[in-house]
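Protein chains in written order, with my numbering: chain H, 1 to 340; chain D, 1 to 340.
No lab work stands behind these hints: they were computed from the structure. Warning: the hint list may mix true and false statements.
Identical copies go unnamed one by one, so any copy, or any two together, can satisfy a pair.
[What the hints assert, rightly or not] Below, a list of computed lysine to any residue pairs in the SDA-like style, where the Cα atoms sit at most 20 angstroms apart: (1) 107 with 288; (2) 305 with 221; (3) 91 with 167; (4) 101 with 51; (5) 224 with 306; (6) 239 with 228; (7) 239 with 227; (8) 318 with 227; (9) 78 with 30; (10) 224 with 93; (11) 291 with 45; (12) 291 with 319.
Number of protein chains: 2
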Amino acid sequence: MRPAASHPVIRPIVLSLFCIALARAEAPDPLPSWNDGPAKRGILEFVERTTDAASRGFVPVEARIAAFDNDGTLWPEKPVIEGLFILSRIKAMAEKDPSLKEKEPFKAVLNGDTAYLKEAGEEAIGKLVAETHSGMSQEAFTAEVVAFSKQAVYPKLGLPLNAVAYQPMVELLAYLRSKGYRTWLCSGGTQEFMRVFAGPLYGVPPERVIGTEVNLRFETRDRKGVLMRLPGVAALNDKEGKPVGLSRRIGLRPIFAAGNVRSGGDIAMLTYSHEAMGPTFQLLINHDDGKREFAYGENDGASLKAAREQGWRVVNMKTDWRQVFNATTGPERVGAKEPE
Amino acid sequence: MRPAASHPVIRPIVLSLFCIALARAEAPDPLPSWNDGPAKRGILEFVERTTDAASRGFVPVEARIAAFDNDGTLWPEKPVIEGLFILSRIKAMAEKDPSLKEKEPFKAVLNGDTAYLKEAGEEAIGKLVAETHSGMSQEAFTAEVVAFSKQAVYPKLGLPLNAVAYQPMVELLAYLRSKGYRTWLCSGGTQEFMRVFAGPLYGVPPERVIGTEVNLRFETRDRKGVLMRLPGVAALNDKEGKPVGLSRRIGLRPIFAAGNVRSGGDIAMLTYSHEAMGPTFQLLINHDDGKREFAYGENDGASLKAAREQGWRVVNMKTDWRQVFNATTGPERVGAKEPE
Numbered sequence: 001m002r003p004a005a006s007h008p009v010i011r012p013i014v015l016s017l018f019c020i021a022l023a024r025a026e027a028p029d030p031l032p033s034w035n036d037g038p039a040k041r042g043i044l045e046f047v048e049r050t051t052d053a054a055s056r057g058f059v060p061v062e063a064r065i066a067a068f069d070n071d072g073t074l075w076p077e078k079p080v081i082e083g084l085f086i087l088s089r090i091k092a093m094a095e096k097d098p099s100l101k102e103k104e105p106f107k108a109v110l111n112g113d114t115a116y117l118k119e120a121g122e123e124a125i126g127k128l129v130a131e132t133h134s135g136m137s138q139e140a141f142t143a144e145v146v147a148f149s150k151q152a153v154y155p156k157l158g159l160p161l162n163a164v165a166y167q168p169m170v171e172l173l174a175y176l177r178s179k180g181y182r183t184w185l186c187s188g189g190t191q192e193f194m195r196v197f198a199g200p201l202y203g204v205p206p207e208r209v210i211g212t213e214v215n216l217r218f219e220t221r222d223r224k225g226v227l228m229r230l231p232g233v234a235a236l237n238d239k240e241g242k243p244v245g246l247s248r249r250i251g252l253r254p255i256f257a258a259g260n261v262r263s264g265g266d267i268a269m270l271t272y273s274h275e276a277m278g279p280t281f282q283l284l285i286n287h288d289d290g291k292r293e294f295a296y297g298e299n300d301g302a303s304l305k306a307a308r309e310q311g312w313r314v315v316n317m318k319t320d321w322r323q324v325f326n327a328t329t330g331p332e333r334v335g336a337k338e339p340e
Numbered sequence: 001m002r003p004a005a006s007h008p009v010i011r012p013i014v015l016s017l018f019c020i021a022l023a024r025a026e027a028p029d030p031l032p033s034w035n036d037g038p039a040k041r042g043i044l045e046f047v048e049r050t051t052d053a054a055s056r057g058f059v060p061v062e063a064r065i066a067a068f069d070n071d072g073t074l075w076p077e078k079p080v081i082e083g084l085f086i087l088s089r090i091k092a093m094a095e096k097d098p099s100l101k102e103k104e105p106f107k108a109v110l111n112g113d114t115a116y117l118k119e120a121g122e123e124a125i126g127k128l129v130a131e132t133h134s135g136m137s138q139e140a141f142t143a144e145v146v147a148f149s150k151q152a153v154y155p156k157l158g159l160p161l162n163a164v165a166y167q168p169m170v171e172l173l174a175y176l177r178s179k180g181y182r183t184w185l186c187s188g189g190t191q192e193f194m195r196v197f198a199g200p201l202y203g204v205p206p207e208r209v210i211g212t213e214v215n216l217r218f219e220t221r222d223r224k225g226v227l228m229r230l231p232g233v234a235a236l237n238d239k240e241g242k243p244v245g246l247s248r249r250i251g252l253r254p255i256f257a258a259g260n261v262r263s264g265g266d267i268a269m270l271t272y273s274h275e276a277m278g279p280t281f282q283l284l285i286n287h288d289d290g291k292r293e294f295a296y297g298e299n300d301g302a303s304l305k306a307a308r309e310q311g312w313r314v315v316n317m318k319t320d321w322r323q324v325f326n327a328t329t330g331p332e333r334v335g336a337k338e339p340e
């Protein structure tokens, strides 16, 4: 008996079903942690349009640049993770030098005296950053951050730091890279701090991390050249500092940019991207998910206002994201590494 | 009659000859403008060793970073080409505002009064850079440099600027990239000036150009965000500033670095590279070819002294380079573009 599949009529049908199945198998959903909705559809449509050589909106690979804020855009900021690092460094410093326990602003930090810190303001924060981020070589500082990254646990969420990246954004980064985009971080955190996390969590190499820069000095010690970290900030990569950092580091405007609602810190970056030549896409994350993450807004509502005026896509975590964190997280899950 | 090549004894011989020919055809000399000698052999040996997975000196692709000075290392510096740009800008400014012709230091520049400029020193040079490099947007400045790049001719050599790159170094950049190295410029020239030339002459994208940075400010004009260039230097990328720039921009030490003898400007960069982990290679160009280029040294001999002490390879242009410039030069000759 002849097998059914080789019947002259059935064969083409089976073949075409097979082809459809194959096509589906070859193109799985690149953003499985995103719910269907205008944000996800907008991303997919923009990326397809800018990378399809037959499309009117096609963008050559040299100009496919995507920039991401970090705190509140790729991982949580309640509290800011670099703040946890500062706390852990001050605890370690106070172990060695107990007199710090009686000295402000260290005393306030060690006692969790947020009222004092709010009152003391930027000057106190600046002193804390300077004391915890300088007086050592670049390599020694990186070793401190690596040690912190292995033992710290994110408060309230109870997650180790290798599990705090937002899974939908990790998928977005990998999707963009798979389409020839170069993905950059552009955040207010200090550069060497973020570099420790950028590779394992996001698949972003050190050279594509733009952050706040501390002063550095090349010194010769025992006939060896050492890069020493000095107190003081060389470039603050926040607000209007972000377009400056992007121009210095990349030399081209990002055509895709992502930030979040909280302080207005990303308005300048998103505006700068919005005005790049050709098609552009801006994404603004709104933290409205008190159950799975945190719910908070912005005092003056400036970020959402700018989004309305300039047509940026607002991502509401509660409805746009199927999951926020990936429980089985780890470096191996970061897809589409940058080619070099 | 049986053809000779299919004879059971002859066939393997023919085959192996064919394979040898094929291997040769597949591996042409990557550095045809270099004469055989210790410099060329040292480069080939180092690159093969660090990129052969079976070698003890193998370096993973993430760490294959090469940094190149520009003036005197990739193109001539007698005179410095950015100096020609400053002169052309001042001439244009004096056309619009003739009062500049009577004002120092502009008057000295316009009259070729080098004695005055030497006397006036760094302050005068700083003023000239500030006046010609600021007061406009990044885009407007780039347009000025592009216009200059098309009409300028290099004095004494009589070459258009698209023909002034040293051909042996262009080959070296392309060879390194073909072996998975990322190639960076790290030079004292200003960043946006060099970016105009880095792609067409060297195949280096804007994001891999590290130079002296002017102050920038993001301003909103007519509801549009503009990056304005301000007078004043944010980071001077020379001498001890070079390791600082490399660390900020790359986050890893270059394992391959090239500079030249003149002012000691590359000693810190080459030392910083020399002390990277694992195998490293440093190259120092000595301008001893008054016939094909220029012959000049260094007052205190510090660069050659450091080369002897640290084991850097000295390249003598006269004997190590078969040709200095490529007459049939143009953008199309730049090989092995960076993958993204």
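Hint check results:
Taking the shortest Cα distances, residue 107 and residue 288 never come within 20 angstroms of each other, neither inside one copy (34 angstroms) nor across copies (63 angstroms). Proximity of residue 305 and residue 221 under a CA criterion of 20 angstroms is satisfied inter-copy only: 19 angstroms between copies versus 53 angstroms inside one chain copy. Taking the shortest alpha-carbon separations for residue 91 and residue 167, neither the intra-copy value of 31 angstroms nor the inter-copy value of 57 angstroms comes in at or below 20 angstroms. In the homo-oligomer, the alpha carbons of residue 101 and residue 51 never lie at most 20 angstroms apart, since the shortest distance is 57 angstroms inside one protomer and 52 angstroms across protomers.
Proximity of residue 224 and residue 306 under a CA criterion of 20 angstroms is satisfied inter-copy only: 12 angstroms between copies versus 50 angstroms inside one chain copy. Proximity of residue 239 to residue 228 under the C-alpha cut-off of 20 angstroms is restricted to the inter-copy arrangement: shortest distance 16 angstroms between copies versus 27 angstroms within a copy. Within a single copy, residue 239 and residue 227 get their C-alpha atoms only as close as 28 angstroms, which misses the 20 angstroms cut-off; across copies the closest is 13 angstroms, which meets it. Taking CA atoms no more than 20 angstroms apart as the test, residue 318 paired with residue 227 passes in neither setting, with 45 angstroms inside one copy and 36 angstroms between copies.
In this assembly of identical chains, residue 78 and residue 30 lie within 20 angstroms of each other by CA distance neither inside one copy nor across copies; the values are 28 angstroms within and 54 angstroms between. For the homomeric pair residue 224 and residue 93, neither the shortest alpha-carbon distance inside one copy (27 angstroms) nor that between copies (47 angstroms) is at most 20 angstroms. With identical chains, the CA atoms of residue 291 and residue 45 are never at most 20 angstroms apart, being 30 angstroms at best within one copy and 59 angstroms at best between copies. In the homo-oligomer, the alpha carbons of residue 291 and residue 319 lie at most 20 angstroms apart inside one protomer (12 angstroms), although the nearest pairing across protomers, at 72 angstroms, exceeds that limit.
Hints 1, 3, 4, 8, 9, 10, 11, counting from the list given before, are not met by this structure.
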